[in-house]
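Trainee: Position chain B relative to chain A; hints supplied.
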Amino acid sequence: MTVPSSPDWRDEVFAALKAAEIRQVGYVPDAGHARLIERVQAAPQIRAVPLTTEEEGIALAAGAWLGGQRAALLMQSSGVGNCINMLSLAKACRFPLTMLVTMRGEWAEFNPWQVAMGSKTQAALELMDVLVYRVEAENDAAPTVAAALDIAFNGGLVTAVLLAQRLIGAKRWVK
Amino acid sequence: MNAPRSNQPRLERRAAIRVLLAERGDLLVVTGLGSTTYDAASLGDDERNFYLWGAMGGAAMVGLGVAIARPDRPVLVVTGDGDTLMGLGALATIGVQAPPNLAIAVFDNGRYAETGMQASHTDSAVDLVGVARSCGIAAAYDIADEAALAEFANRVQRKEQTLFGRVAILADEPPRVLPPRDGVLLKHRFRRATGVE
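Same order as they appear, the protein sequences are chains A and B.
Everything in the first sequence is counted per this note's numbering, starting at 74 for the first residue and increasing by one.
Everything in the second sequence is counted per this note's numbering, starting at 7 for the first residue and increasing by one.
Check the hints yourself; a few may be wrong.
To be verified - Cβ-Cβ distance ranges computed for the label pairs, FRET-style:
| hint | chain 1 | residue 1 | chain 2 | residue 2 | range |
| --- | --- | --- | --- | --- | --- |
| 1 | B | D188 | A | G228 | 16 to 22 Å |
| 2 | B | D78 | A | E94 | 17 to 23 Å |
| 3 | B | H194 | A | K193 | 30 to 36 Å |
| 4 | B | R54 | A | A115 | 31 to 37 Å |
Just so you know, the hints here were simulated from the structure itself, not pulled from any lab data.
Heads up, the beta-carbon is just placed ideally off N, CA and C, and yes, glycines get one too.
Chain A extracted, bound-state conformation (with noise of 0.2 Å):
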């Protein structure tokens, strides 16, 4: 892990969700989403909505903007995988959602099983028409998500903003 600056990255896209009037928030646990699903769980605003595959977060924002709330999801690079299919109902009804996708099988990473997909992850999302952008320095990752947040509820959009493995530290595998 890097020693986090002051303040923390991670509390200032958790300060752009929170900016951005997001409602619900689905994740699948990943390690480098653990400080902002903590945030995210201890806000009365926010509905935190583990899920058990990704794929559900997509239905999930979809029936969130239906009842005029906003929606944003938390996974890791595999679980991008998991949404292709399900990306055809945002798609098809152009329903806004930003995903925030922890980056593994990138820089310094351990274990060979991740890279498959995360080699991959920006073009599966592009192949659905997903705005991706990505981030690799602490200072870019607040202002990244807020822009992300803005066009797809200004545009009914499906946004995602990659934070690189360099960016949240290697996962340590020696404890």
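Mentor: Frame of chain A, contents of chain B only:
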């Protein structure tokens, strides 16, 4: 292979949807792709229905998103056994969230009617009521007659706890009634009809 459950009493699906939506009040309805969408449309198109024409496995989760966003309104998902089986994890997710205003009615004919009546897993081994209960949805019922279905519909309106109803229906194919397929239209009119746009 477990033996087929083909000898149990079953409802005609169009009769079932009539009972379920007879006194819908301000009920919001999400239907799964295929036959349950035609069933809902057979009662007349309604802007408070959101029909899925794809996204198989997604109906219950769309219902969950609506139910969380609109705690003031009862929300009913009407879908089939195939859609439910494809998104079985959604029942676990809904069991954890336990929204009191969400009900799921699964029209279970043990068949994939849309694709040629092939057997689904509920035709033999899988008991969806047991699955729902195991996922924490305690109010889960096996429904095979109109009186029980009417009581279920009544409970949906009360918004007291998450409900699951497995409705045993005949494996027949009544004439299709096709509502609009334009997803953007369905989205906007649902939101306008329910006052969020």
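Trainee: Does each hint hold? Answer for all of them.
Mentor: Hints versus structure:
no. : hint                         : result
1   : B:D188 to A:G228: 16 to 22 Å : holds, 18 Å
2   : B:D78 to A:E94: 17 to 23 Å   : holds, 19 Å
3   : B:H194 to A:K193: 30 to 36 Å : holds, 34 Å
4   : B:R54 to A:A115: 31 to 37 Å  : holds, 34 Å
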